[in-house]
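Each protein sequence line maps, in turn, to chains Z and B.
This note's numbering applies: residue 162 is where the first sequence begins, and numbers increase by one.
This note's numbering applies: residue 3 is where the second sequence begins, and numbers increase by one.
Please note that a few of the clues may not be correct.
[Stated by the list, open to error] Which stretches of chain Z does chain B cover? Using the computed rule of at least three CB atoms under 8 Å from a CB of chain B, they are: (1) 224 to 231; (2) 399 to 406.
[Claimed, not checked] Examples of chain Z residues lying across from chain B (beta carbon under 8 Å, computed): (3) E276; (4) D351; (5) S354; (6) A355; (7) E362; (8) G363; (9) T373; (10) L376.
[Stated by the list, open to error] Computed beta-carbon distance windows for the label pairs: (11) Z:P357 to B:E95: 23 to 29 Å; (12) B:S110 to Z:P288: 32 to 38 Å; (13) B:K99 to Z:T370: 20 to 26 Å; (14) Z:T289 to B:N237: 48 to 54 Å.
Please keep in mind that the hints were generated in silico from the structure rather than gathered at the bench.
Beta carbons are placed, not taken as given, at the ideal position from N, Cα and C, and that holds for glycine.
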Amino acid sequence: MSTDSPPASSSPAPIQLSRQKARYGERVIVGFLIFCAVVSVLTTVGIVVALVGPTIEFFREVPITDFFSADEWAPFFADASFGVFPIVVGTLNVTFWAILIGLPLGLGAAIFLSEYASPGTRKVLKPTLEVLEGIPTVAYGFFALTFVTPLIRDNWPGFLGDPPGIFSAGAAGIVLGVMIVPTVASISEDAMSAVPRSLREGAYALGSTKRTVALRVVVPAALSGIVASFVLGVSRAIGETIVVLIAAGNTPNLTFNPLESIQTMTAFIATTATGDIGVGTLEFKTVFAVGALLFVITLAMNALSIWLVRRFREEYE
Amino acid sequence: MADQLQTGADVKTAPPAIDAPDAAPNGGPTSSSAPVLSTENVHVFYDGIPAVKEVTMDIPRHRVTAFIGPSGCGKSTLLRSFNRMNDLIPSAEVTGKVLYHGQDLYGSGVDPVEVRKHIGMVFQKPNPFPKSIYDNVAFGPKVLGMKVDMDEVVENSLRHAALWDEVKDRLKQSAFGMSGGQQQRLCIARALATNPDVLLMDEPCSALDPIATGRIEDLMVRLREEYTIVIVTHNMQQATRVSDRTAFLTVELDEQDNRTGVVVEYDETEKVFSQPSDSRTEAYVTGRIG
Ligand SMILES: Nc1ncnc2c1ncn2[C@@H]1O[C@H](COP(=O)(O)OP(=O)(O)OP(=O)(O)O)[C@@H](O)[C@H]1O
Ligand SMILES: [Mg+2]
Numbered sequence: 162m163s164t165d166s167p168p169a170s171s172s173p174a175p176i177q178l179s180r181q182k183a184r185y186g187e188r189v190i191v192g193f194l195i196f197c198a199v200v201s202v203l204t205t206v207g208i209v210v211a212l213v214g215p216t217i218e219f220f221r222e223v224p225i226t227d228f229f230s231a232d233e234w235a236p237f238f239a240d241a242s243f244g245v246f247p248i249v250v251g252t253l254n255v256t257f258w259a260i261l262i263g264l265p266l267g268l269g270a271a272i273f274l275s276e277y278a279s280p281g282t283r284k285v286l287k288p289t290l291e292v293l294e295g296i297p298t299v300a301y302g303f304f305a306l307t308f309v310t311p312l313i314r315d316n317w318p319g320f321l322g323d324p325p326g327i328f329s330a331g332a333a334g335i336v337l338g339v340m341i342v343p344t345v346a347s348i349s350e351d352a353m354s355a356v357p358r359s360l361r362e363g364a365y366a367l368g369s370t371k372r373t374v375a376l377r378v379v380v381p382a383a384l385s386g387i388v389a390s391f392v393l394g395v396s397r398a399i400g401e402t403i404v405v406l407i408a409a410g411n412t413p414n415l416t417f418n419p420l421e422s423i424q425t426m427t428a429f430i431a432t433t434a435t436g437d438i439g440v441g442t443l444e445f446k447t448v449f450a451v452g453a454l455l456f457v458i459t460l461a462m463n464a465l466s467i468w469l470v471r472r473f474r475e476e477y478e
Numbered sequence: 003m004a005d006q007l008q009t010g011a012d013v014k015t016a017p018p019a020i021d022a023p024d025a026a027p028n029g030g031p032t033s034s035s036a037p038v039l040s041t042e043n044v045h046v047f048y049d050g051i052p053a054v055k056e057v058t059m060d061i062p063r064h065r066v067t068a069f070i071g072p073s074g075c076g077k078s079t080l081l082r083s084f085n086r087m088n089d090l091i092p093s094a095e096v097t098g099k100v101l102y103h104g105q106d107l108y109g110s111g112v113d114p115v116e117v118r119k120h121i122g123m124v125f126q127k128p129n130p131f132p133k134s135i136y137d138n139v140a141f142g143p144k145v146l147g148m149k150v151d152m153d154e155v156v157e158n159s160l161r162h163a164a165l166w167d168e169v170k171d172r173l174k175q176s177a178f179g180m181s182g183g184q185q186q187r188l189c190i191a192r193a194l195a196t197n198p199d200v201l202l203m204d205e206p207c208s209a210l211d212p213i214a215t216g217r218i219e220d221l222m223v224r225l226r227e228e229y230t231i232v233i234v235t236h237n238m239q240q241a242t243r244v245s246d247r248t249a250f251l252t253v254e255l256d257e258q259d260n261r262t263g264v265v266v267e268y269d270e271t272e273k274v275f276s277q278p279s280d281s282r283t284e285a286y287v288t289g290r291i292g
């Protein structure tokens with residue numbers, strides 16, 4: 162019966178569309194991936210929670226107006242003063258010089274690698290740059306103290322007045338700038354290489370020079386990646402501790418002068434937290450208050466950059 | 003004219019006027035006028051292996067010249083050697099001469115940037131910049147520093163490309179919101195805005211529907227009055243509809259089994275399609291091989 166009846170006339174078995182086998186493997190993988198995502202979110206939440214408690218307690222003891230208006234940072238003196246501005250400005254001072262050096266150099270290196278370098282040069286330079294990212298920051302600190310600072314002091318032009326001391330915000334800033342170049346360059350370069358070749362060809366076909374293609378087509382199209390690299394670089398500079406401890410001294414000092422010794426927020430936290438302070442003491446809470454402020458500043462900077470990217474990027478598909 | 007392509011020569015003023023003295027007295031183009039482009043024994047290599055060889059041909063002024071042939075025979079490669087676009091591919095090398103109004107584009111001291119100001123290109127896949135429609139068209143004149151009324155150039159170019167009526171109310175919007183056919187016409191408008199002498203078009207309609215294709219074909223026929231056009235196409239009807247002359251390229255295998263493109267036949271389009279002189283051309287245009 163089944164052999165001589167044409168296949169078309171036999172009533173076909175219903176096609177099986179429901180799932181045949183439970184896909185356990187897939188579930189395990191999805192579960193693991195969710196776990197990974199949750200860990201990073203929980204870590205962030207944990208940090209915020211850990212910061213909030215002691216910070217609130219800090220402000221019970223120290224009025225918030227003192228924190229933001231007093232112009233001296235001397236939390237552990239007998240006659241204590243909790244004006245945070247000197248160390249905020251210390252951070253900004255160092256970061257400013259780091260940005261001034263690091264972002265243009267990093268972007269320049271990225272443009273060179275992506276648009277000008279021959280494939281051979283690029284093959285050598287790109288991995289070299291990425292290796293530089295892995296240099297421990299303490300090495301940069303000694304580089305600042307034993308190379309950059311002496312170099313500046315020995316070649317200081319007299320008409321600019323006295324040379325900077327052994328510890329200066331400028332030397333730390335310069336070295337931080339150099340330190341973030343690989344980060345900025347490598348991420349910006351990734352974004353720029355991802356810009357489709359067809360866009361470049363379109364611009365070249367209109368008689369554009371390399372410079373025009375790089376600056377008017379590739380950079381705008383890669384802007385979100387470039388800004389991301391800036392944010393990461395600046396975050397590294399703001400968050401860096403060892404380099405500023407070694408090269409900028411550790412003296413709270415409300416100044417933007419690159420020639421003076423300063424203290425940054427991170428340097429304060431590091432020196433205080435490594436001393437022996439008891440849990441629950443005012444010193445302990447001070448560290449958390451400064452940490453919370455640092456967190457807020459970084460957050461604000463990230464939000465600003467997201468807004469900037471949304472506003473100015475030229476999106477290609 | 004003689005040194006217009008040299009490095010540093012400043013062609014900053016709008017249109018790069020190429021007033022060939024050989025135009026017919028009545029202003030209309032004649033078939034006897036000197037060619038705009040003429041190649042002498044051009045070979046193009048990728049990584050030392052020839053992709054196209056022994057091309058010697060003249061591209062007449064104010065005519066549409068079509069390149070047809072099977073995929074991979076080197077049509078794009080040859081076309082890109084006409085505005086030094088192959089310079090952008092590190093492995094590519096061009097030998098022989100490509101004379102543009104008698105001047106060798108590959109001669110020493112010739113600046114590819116200058117070459118591309120005179121010889122524009124439209125690509126197979128629409129490649130608008132991720133900028134507004136207006137900025138796309140204004141890009142060329144701006145980077146060339148042309149001192150022109152930009153609004154006027156943008157409008158004229160878009161009108162030329164039969165796009166103005168569709169976009170005149172949204173010039174400030176991103177070009178990426180347009181349909182594929184509109185994007186391609188935008189790319190044509192963008193190329194026209196710098197007022198080139200020659201327009202190279204590499205399969206400009208391959209991503210388009212018949213209506214958009216029809217529009218672009220009409221456009222080419224009209225643009226012929228002012229520009230010299232070279233088009234690559236896979237569409238035989240398109241070649242017969244728009245072109246005056248047709249070159250048929252195909253692949254030849256050499257002793258080392260390298261596939262190299264050659265120009266088999268190059269003649270008036272009518273002749274290529276109705277009485278081809280080579281059997282390979284005949285097989286191709288009658289659809290027996292593809
Ligand atoms: N960048 C490149 N590097 C190496 N080889 C290439 C490159 N571009 C093209 N080729 C080779 O050169 C030959 C000709 O390619 P080309 O793109 O010119 O062909 P085509 O005639 O335009 O084909 P199609 O009709 O498919 O567009 C092909 O064999 C191709 O593989
Ligand atoms: Mg092609």
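Query - Residue hint D351 of chain Z, partner chain B, criterion CB-CB below 8 Å - result: Hint on D351 of chain Z: violated, closest Cβ of chain B at ~18 Å, above 8 Å.
Query raised in the report: Is the distance from the Cβ of S110 of chain B to the Cβ of P288 of chain Z consistent with 32 to 38 Å?
Result: holds (36 Å)
Query - Interface hint status, S354 of chain Z versus chain B (Cβ within 8 Å) - result: At 15 Å from the nearest chain B Cβ, S354 of chain Z fails the 8 Å test, so the hint is violated.
Query raised in the report: Taking 8 Å as the limit, does the beta-carbon of L376 of chain Z come near enough to a beta-carbon in chain B?
Result: violated (10 Å)
Requested in this report: Go ahead and decide if the range 48 to 54 Å is satisfied by the Cβ distance of T289 of chain Z to N237 of chain B.
Outcome: holds (49 Å)
Query raised in the report: Any CB of chain B closer than 8 Å to the CB of T373 of chain Z?
Result: holds (5 Å)
Report task. With a cut-off of 8 Å on the beta carbons, see whether A355 of chain Z makes it to chain B. Result -> violated (13 Å)
**Report entry** Within 8 Å of chain B's CB atoms, at least three CB atoms from the segment 224 to 231 of chain Z: coverage verdict
**Finding:** violated (count 0)
**Report entry** chain B contact restraint on E276 of chain Z - CB to CB distance below 8 Å
**Finding:** violated (11 Å)
Query raised in the report: Mind checking, does the segment 399 to 406 of chain Z have 3 or more residues with a CB under 8 Å from chain B?
Result: Since three or more residues must qualify, the claim that chain B covers the segment 399 to 406 of chain Z is violated, with 0 doing so at under 8 Å.
Query raised in the report: Honestly, do P357 of chain Z and E95 of chain B meet the 23 to 29 Å range at C-beta?
Result: Given about 24 Å between the Cβ atoms, the range holds.
Query - G363 of chain Z as chain B interface residue, shortest Cβ-Cβ below 8 Å - result: It holds, given that the least Cβ distance between G363 of chain Z and chain B is near 4 Å, below 8 Å.
The earlier numbered hints that this structure contradicts are 1, 2, 3, 4, 5, 6, 10.
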